[in-house]
Each structure stands twice: as structure tokens, then as C-alpha cells.
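These are the residues of each chain, in order.
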Amino acid sequence: MEATRMTVTVRVNGREYTRAVEPRLLLVHFLRDELGLTGTHIGCDTSQCGACTVLLNGEAVKSCTVLAVQADGAEVTTIEGLGDLSHLHPVQEGFWEKHGLQCGFCTPGVIMTAAGMLAQNPNPTEEEIREGLEGVICRCTGYQNIVRAVQYAAEKMKGAGAETEVAAAGADASAGGDA
Amino acid sequence: MIPSAFAYERVQTVEQAVRALQANPGAKLLAGGHSLIPLMKMRLATPTRLVDISGIRELRGVWKKDDRLVIGALTTHREIATDRVVRTHLPALAEAASRVGDLQVRNRGTIGGNLAHADPSSDLPAVALAFDAVFDVLGPEGMQTVPIDGYFLGPLVTALPENSVITAVSLKLPPSGTRSTYVKYPHPASGYAVVGVAAAARVEPDGVIDFVRVAVTGAGDVPYRAQAVEDALLGQHVSDDLIREAAAHAADDGSISGDLFASEAYRRHLCSVYVERALRKVLSRG
Amino acid sequence: MATVFGKAVKRREDPRLITGHGQYTDDVRLPGLLYAAILRSPHAHARIRKIDTSQALRHPGVVAVFTGQDIQGKMGTIPTAWLPPDSGIVTPPHHALAVDRVRYVGDGVAMVIAEDRYTARDALDLIQVEYEVLPAVVDQEAAMQEGAPQLHDEAPGNVAFHWKVGNFDPSAVQDADVVIRQRFRQQRLVPNPMEPRSAVADYNPATGEMTMWLTSQNPHIHRFLLSGILGIPEHKLRIIATDVGGGFGSKIPCYPDEALVGFAAKTLGRPVKWTEDRREHFMATTHGRDHYDDVELYGKKDGTILAIRVRATANMGAYLSTAAPGVPTILFGLIISGPYQIPYAEADVYGVFTNTTPTDAYRGAGRPEATYLLERMVDLFAREIGMDPVEVRRKNLVRAEQFPYNNPMGLTYDSGDYHGALHKALEMAGYAEFRRQQEEARRAGRLVGVGVTTYVEICGLGPSQVAGAVGFQGGLWESAQVRIHPTGKVTVFTGSSPHGQGEETTFAQIVADRLHIPVEDVEIVHGDTARISMGWGTYGSRSTPVGGSAIALATERVIEKAKKIAAHMLEVGEADVEFEEGQFRVKGAPSRQVSLGDVTLQAYLAWNLPPGVEPALEGQAFYDPSNFTYSFGTHICQVEVDRDTGEVKILRYIAVDDCGRVINPMIAEGQVHGGIVQGIGQALWEGAHYDEQGQLVTGTFMDYAMPRAHFFPTFETAFQETPSPHNPLGVKGIGETGTIASTPTVVNAVLDALSPYGVRDIEMPLTPERVWRAMKGAQEA
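Chains as they are written, first to last, in the numbering used here: chain V, 0 to 178; chain W, 8 to 293; chain L, 4 to 784.
Hints were generated in silico from the structure; no laboratory data involved. All C-beta atoms in this analysis are idealised placements derived from N, C-alpha and C, irrespective of residue type, glycine included.
Result set (BS3-like, lysine-lysine): computed pairs, CA atoms no more than 27 Å apart in a straight line: (1) V:K157 - L:K13; (2) L:K492 - L:K13; (3) L:K13 - V:K155; (4) W:K288 - W:K179; (5) W:K288 - L:K652; (6) L:K427 - L:K652; (7) L:K303 - L:K167; (8) L:K10 - V:K155.
Negatives, chain V to chain W, calculated, CB over 12 Å: (9) R10; (10) T17; (11) E33; (12) E74; (13) D83; (14) E92; (15) P121; (16) T124; (17) E125; (18) R147; (19) Q150.
Just chain V, same shape as in the assembly:
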């Protein structure tokens, strides 16, 4: 059937985008194909792998299981907006410091999941971190250094206090299209 396109306005990484989309357009395809934000990846079809995880209104969600139209009026943070090289988010920094990635494909989703996890639980135990990573699959690292990376970030965020709250509104205009 032919479905009419609908206009959606989504605030992504602090910048507002308005697009006419098919209702069936998945948020992940909206980000990748419409906005060119290809840092968010697709690793499976069944909401299992978490590679597509972004923050939707501050909460970690799998963007392959959200329709773009459902995000109308919402705030989305992708890996591109979490932090940039001159100002890395503590989780990104942890992944670099602790060798939390190898091929890097699952990494954006894992980082966003971890950022979402720490926002909900700033002092996780190792067990809580591992449980919190239940919704991501990494085939390379064996997870141990991912756990270390999250621990590093938790420690760092504790030190810095509220200052390093998820930089949801981080002004990353360079990666996106026009508004």
C-alpha cells in the first residue's frame, strides 16, 4: 500500500531537523540515510544486538525498533553528539583508555548503552555493568575491557560531578545535514 509521508521534527544532537518520511521509516534509517549520521549502526533485525542504541529523551533505546514518526518532537543523542575529540564524553574516553573496542562496529551502540546505564545508575558494580550490557553484543572484545571502560567512566564522572552529565545538547553541527 502507498502510505503518505508525514512530517517529523526531531532534535538530534542539539539541532532540529524536519523531514517528510514514510511512517515505516525506522529511526536508525532516519539517522543514517536522511541525516547522514552513520555513526549509529545496524547489527541485527531482532532488537538483540544493541548496535543501533541511541539516547531518546535521555534514555538508551534501540533505534532499529523505534519508528522515526514515534520520535517526532523528541530529543535524540547519537554517538556523534555525545562528545567530540576535543571534549570526549567519559564513556568514550574510557573506551579509548581501556581498549574497549576492536573492530568498532558495535562500539557506538555499546557506548550509548553505557552512557544511558550510568545516567540511571552512576555507581554500578561489575556485576551490574555486565547485566546492564545484556542488550548489546560485541563479537571482538570478550567484554572485559568494555567493563573496564565503563568502570573508568563511572569513576571519572563521579569525580567531575554533574558537569559531565550526558552532553545531550552537545553542539555537533558538523555531522548533520541542514535543519
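With chain V's structure known, arrange chains W and L on it following the hints.
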């Protein structure tokens, strides 16, 4: 994995949702979407229209009303798992909600969507059965209530009236002093329950069990109340032997089925093991 | 400057990957890009009676639809590139789209090209295919039975090849006190790198040039093969594979799908992109393992192992994938005696066609299969003669003074200290103490067990002469070019093609170490056939020993040339100059010196070069190793089995690996972690299962259990360093050791835990039900 095309509308009231369902055969409700969208991507579900109810504010929240805990249909698993009222009055529900899917899914998935979807391996149905859940439902004929007893008709099939919307689920609070829990054996791939057990019990000072509820999910085509286990326990003195003997009846009330990961025989066995574990948690001190 | 060789330098790859600025194949966007989708057979075996594409073609947004008939004669078939000698191998034609018959669920039937992904997907549903379903066979032993459905006319009895190797001789085992016989099942696995396969092809009809972005572990091999398939001369075909999201062997092969994307772009004159979804990956990307192994071990009561024999039947799937025939033969049979002094060994291998997804290399490729059966047999042997399994290993391991050591298959192990690694691992694990605790635990009704694996791995593939001798249709050397720019910054071009292994960092460390410059001044270029002259890619743990060695040699050549220029500048003979701390110094008069930077600038200015020295400063090397190199080590695992449910809990995991000199311990440790998890995945959770009709029952992450973070404790890892004597870096491979060692380690630990029940074997994966049934069966028996 791409869903087939459909029309989409966002509604502001439950009445609008019901009218949209009535006007569009082939339409489906969309809440968190975490049950429906994966099916649509596989093209196992091909609704022609999605009616998005997620913006209806009054369908969210948890409150106590008389002897029941009322949970708005759009309340997410995470909200339930972390809700103080739930954790205080119905820890089994908080535990079950905290075991649904994973962190991302719990942020998005809702109790109404979960129970309407009626996946036979889902966690919440066990708790709903154990605490006499009642659905508040708005349909073309107006408001009505649908009891949990007889609600699960088969995998993904419920007794929910056509073109209706669950607005809230209420669970009956057990008598004070009751302990409750949810234990689960998750499938290593999907995270769904191979066997999940909700149990609640109260033991009088003299050691006699005067309240008990046990329900099992995951093991068969539909979740079920383990009546035989309850019967074996109610009015009896707590003992190790009693728990073991009662747990042996864990599969009696279910239509247990097997799959590649766990055969029927093994699932029956797991039912007993997990019912026993759940019972030990709620009956461990007098 | 302090050396950076051996230091945990943070990865150069990471800044782009942690900020979302990597460029994987599906991230490539081109103007006018079209999208492909592939219709796949829903039947394991069927004749195609008729395909009607008219409705799909009429669908708005659809640009073209191709069927097997449409491409016949317009593009080549998909080749097999490893042909083990004396094996009678047959390679029936593998068409990119099935012409008249489909042979597995997932076999390509038609391809749609459309203006966007969604339309391409929709159009698949509009293609009508009439099939005549044929009987299917999914099990290799069943396929060899008389009367089994036949897949290819060229392969009667479905036998693709029969290969035998070894020196076994019945008279050699006359002294044997015991013979252990056991059958093992190596289940089928799905590689599942997190990045699905993908291809983007862009053809310029005016120049005849084709650029393809590919998810590839070996872009030059892909260029070589695709050039033939597509009829595009090699110098007009460019393959780019810079950011690749893991491979584990599955991105070695040349697939029909990527070739079709190239064909479509060439035919339509517009760029085309195709990306598999995960369900397609399960169906149409090569699988791994899938053997039956019938094994015999001959030994003496004192623990001496006299001989080992295996008869293996390997499931090759419906067609022979690119490197597939080499996996259950060369990479398996030659190493079945492992790290032990076993004088006699034999491997007898059948490769068999079935109506399943083709198999090929999967992390470890052949070596995990060999190590698994050997380590399992050693434990069974130890049990039989009543000796501690560690003692049996200690007794049979090749001793340090025996290197180089010739194994019975003719391989020469280059170097090793097997007992050293074993000792270190036992210390870390507190083995003796654990055995005592185990007794107590058993008395308390707990089932705890320990497994110990000592392994050796063929890695650093390999000398090209050997490649030729074993039927590999390619070379196994590697190229490197090291270019010092006028400003002193360095670009290195390597034929290795890392896709997660971190060689942009470790290779930079090699060069920075030799040139005494900051590691930040070295850039590693890989994965682009237009920038790198030639390469054989990344697999078989070869990148560091072969590709890294090539870089070391090329760097030495640069230094040699620079030294000539420096001597000229210092007005001394070349023999009087040495390179230290980034300076060329006159021996004996170190104050007379010129820096590498000064020399470099002079090399480019070329105002005053010594006679016979050409301008500029770069070095090239094509390094062909003289031997494989052999990593080894000891892994130990402690487990507890839940008596009620059969669930296995990993209590501790200890790994001591020796991969020669370690360039970057952080990265090497990461490789070990990942390998361990992947190997334990095989032991406990992963397994692809077909039903009798050839439907893949475990076709998504909902049913195929991938290892997750909460399945594991923190691993305890350490390295021992025994340099390889034959490459300039003294390095060996580390990418596959964890996978090779961990599978038998965990299974032996579980069986040790169950030893009170006398359980000999449980088929992998050791799901709770299988473990529970093994306990129950033993109790009832």
C-alpha cells in the same frame, strides 16, 4: 529488515484510539513498539495502520487503590522496576519487570503492550496470574474489565475484546506479611523465560502457610497458575519436604512444550526446580 | 626516545570509531546510489521451474531485476581458491544466482535494484518463483549414504574431496597398552561479526574503472577474483576495505552477492549498494566448523602417547567456498599431534556437499577442530590410565631443547617453551590447591571441575612455496612500503588488512621503534588496492608475523638508504655510520651526527646526493617467511555445574599465551579476551541447527546464542615471550589462540566436574539440558 508500508496516526485520547481501530480493519495499536515492530520487520505482522497511543499521558503511572495496585498501560518496565510503591507492595512485579528484555527494551517497552502481546515466554504474565490481574479496557461498548483468568488463550492470542485498548492493569495486593518473588531461567539467546516463576506466600507464626500463589511462564503455550502446587502448600506446615513435594507438581497445570533449546521433559523438570527455588525464597523464614 | 615496541600504546583507530566517524561499507553514500536486495531460496533443494519478475519490475522505484538466466554468460561463476592436492577435489560451478536449481536455504535466486532500500525490499515480495521441491540432505554422513539426494552431477556420493595425510603404521602401536576411541561432533557455527556483509560498487563507463567498497579481510584477493568474475581488468578495479567490522573468517571468501553488486553497477551505469541483514547473514554468509571426528589414541600406561588418528567428515555445504577445502585438511590434519611428541599421526578427511550454507574459515579454522579432539583425547587417556591430565601433558609436551621440532606431518615448529607456559598457568590457577578444594566441594555435594589445555597453533601463514604445495591458489607473502615524507612524517602501506586487530597502532609502533620517531608521526594505510601495491590480507594470524615483518624490512631499507646519504653528508664511509636515537652518528665520534630529519630533507632536495643514490626516501619489501610460526600456551578453566539444572558457571579462566615478542600488550590481551569468549561460545552456547528439510532453525539472535557480557567472570591472562627465530620481529600470531584453546578447556572442565558420574562426552554446545541429561543418564545406568 524493513516493515511493509502502513499508515500512522497519533491519538490523544483512548476514545480516539478505539474509533481509529474501529474505522480501520487491519489497524494495530502502537505503544512502546517493542513487541510489534520486530514482528513487522520480519513481515510476520503487516498492519495497515498503526494507532500510536504513546502520547496519552493518563495511561502512565502506578497507584494504590484499595487492595489493588493499578498500573497505567503505558508504564514502562523500567518505571515499574524502579517504582517505590511496586517495590514495597509487590516486589515480585518489580523483579519481573527488571528481568524483561534488557536495559534498552525496559526503557521503551510497556506493561500494557507486553500483556496485550501475550508472548508465552514473557515475564510479566506470571506475575499477572499470581496476583489476579484485571485489565481495564475501553472498547466500542465502553469501559469493561477483563480478568486474567482465561485471558491467555494461546501464544500471542488473548481474550481481549476486538478494537479495544487496555488502559490499566491492576493487581491484587496479597495480605500483609506476604513475601513474593520472581525467578527466571532466561534463554541464553533471546533472554526470554525458558521458565519463569512468580511466587508469593505468607506463613503464620505457627508455621502454617495461609496464603500462597504460584504461576509459571515460559514453559508452555500459555502461562499458567500452578494450582496443584498451591493446593499442596495451603494450610500446611512449612518444611523442606513439603516444598520439594509441592514443587514436583509444578508442571501439572501447564501444557508444557519443548523446543530445540529445552525439551518438554527438561522444561517440566525446570518447572519443578524453579518453583522450588522460588518457594524457598518466599518461605525461607517462618 | 624510549622504545614504543612492547608498550601499551593507545589505539590510533579509536578516535574515529568512538565518535561515530568510522567509515564502514554501508556508510558510503554516493550521488545516484541504487540499492540491491536479493531474493533467496526458501527451500534447501529445489528445481526452479519458472520465475516471474514482471510485477516487481512494474513496482515504482524498481530499476532492474536480474535472475540466474539473465546473468548467464555475462558474469563468471564463483571460484574455489584452495585445492588440496591428491584429494580428487571437484568444484562444480557455483553461479552467482541459481540457474535451474537451488541447493540451500539462502541460495540467491534473483536480485532487485531499486531507488531505495525500502523499495528494493518490497519488490522481493513481488517476484513469483515456481519451485519443484527436491529431497534435501543436511548431514554429511547421511549425504554419503547410498540413495542420498545428490547435489552435483560432478560429485557422486556428494564427496567433494578425500584427503589423507600421516605416517601411521600399525606396527608402530604394537606396544600400546591402551587404545582410546571416541567420536566427537564439531557443531556448525555462525561467524556473526557485528558488521553485516556489504558492498558498494561505482562504475565509470567512460574510463572502465570500477571502485568497490567491500567488507573484506583481503581486498587484493577480492580484486583478483572479482576481476575475473566481472571481466574488469585488475588495473581498472579498486577495492576499498578500510573500516571493516570484524570478520572471523567470514569476510575472506568471494561471495555471489558482492559480485552481483559489481555486475549491477556495471550493467546499469549507476552506483549500487547492498547490505545483508542479520537473517541473511545466518543464511548466506559462510558458516564454520561442522565435522564428525572419529579418533583413536594409542598410549602406554606410563602416559606416553604413541599415535593419534582421526577420520573426519567435514560438511562443506552446498558449494565449495573460496578457502573452504583447506580448512578441514591442511589447517586441521597437519597439526593433530599438537604440542606433543607423538611420533605417529594420521588424518583421513572427507569433504562432503550437503543442502546447507557453505562453510569456510571461522576463527581458528581447522586448528580449533584439531586441538579440540586432541585435548579431549588426552583427558580421556589420562582418565583411562589413572594419571592426572596435567601429568600426561607434561610427559608428552615437546621440550624446550627440542626446537626446531619436526612433527609427524612434516611441520617444523620454530620455537617454544611449552612446559614454561604450563608451569606459569598452573601457578596462576593454583592447580594443586584447586584439586584439594575439589575434593571438599564434592563431599559437600558441589560439582566443580577444572580443564587444562596445552596447545600449539600454526600461524603466520605462511611461506608461498608451502602455499603452492598445499594447493592454496595464491601467495602468502606480504608487501610493505614505508615512505618518509620531506617533513619527516611517515606513511606506511601494508598488504595486511586489519579489521579490528589494531594494526594501525602496532604497525606504527614497529616503524616508530626502528626510526626513533614518535608513534604519532606514522600513519598506516591499509585496505585499499589503489594505494597498496599488493597484499594477501588478514587471516591465519598472519598480519603481524608476515605483514609486520614486511614493514620491519621495508623500514630497514629506508634506514639503509638514509645511512648512505648521512655518510655522504658527514663525509665518512657508510660503514662508519650508525643509527642511534634518531641520529646518524660517526662511530667513535658521536658528536658528529645528522638527524634523520635532516637526512630526509636532503633526500628530497637532492642537491647533493652520493653517486648512485636516487632522490626521495622510501623503502619497499615483499616479505615471504621461511616457515609458519607456532604460537602456544596453556589455558585453564574452573567451572561449577548446577546439579539441578545442568547449567555451567565459569568460576575462573586463566590463560598463558606465548606469541613470541609482544608489540602491544594491551592489544594482545584484547585479542586473547575476544578469542576466549568466542571459543567458550562454541563450548557452551553457539550452534547452528538445521531441521531435516534443511531449514535453519537457529536463524536469528533470538535462537542462536551469542556470548554476552554477563556470561563471564574476569579472565586472568599473562604472556610468556619465546621469540620466533625466523622473522625479523621475533613475533607470532595472537588473533586465534584464545578460540583454539578455550573450547576444549571448558568442555574438559565440565567433564571433570561430572567425573563422579563417569560421563565421557557431551556434544557441544554443552547446553544445560545436555549436561542434565548426561548426569541423569549416568545415574540411571
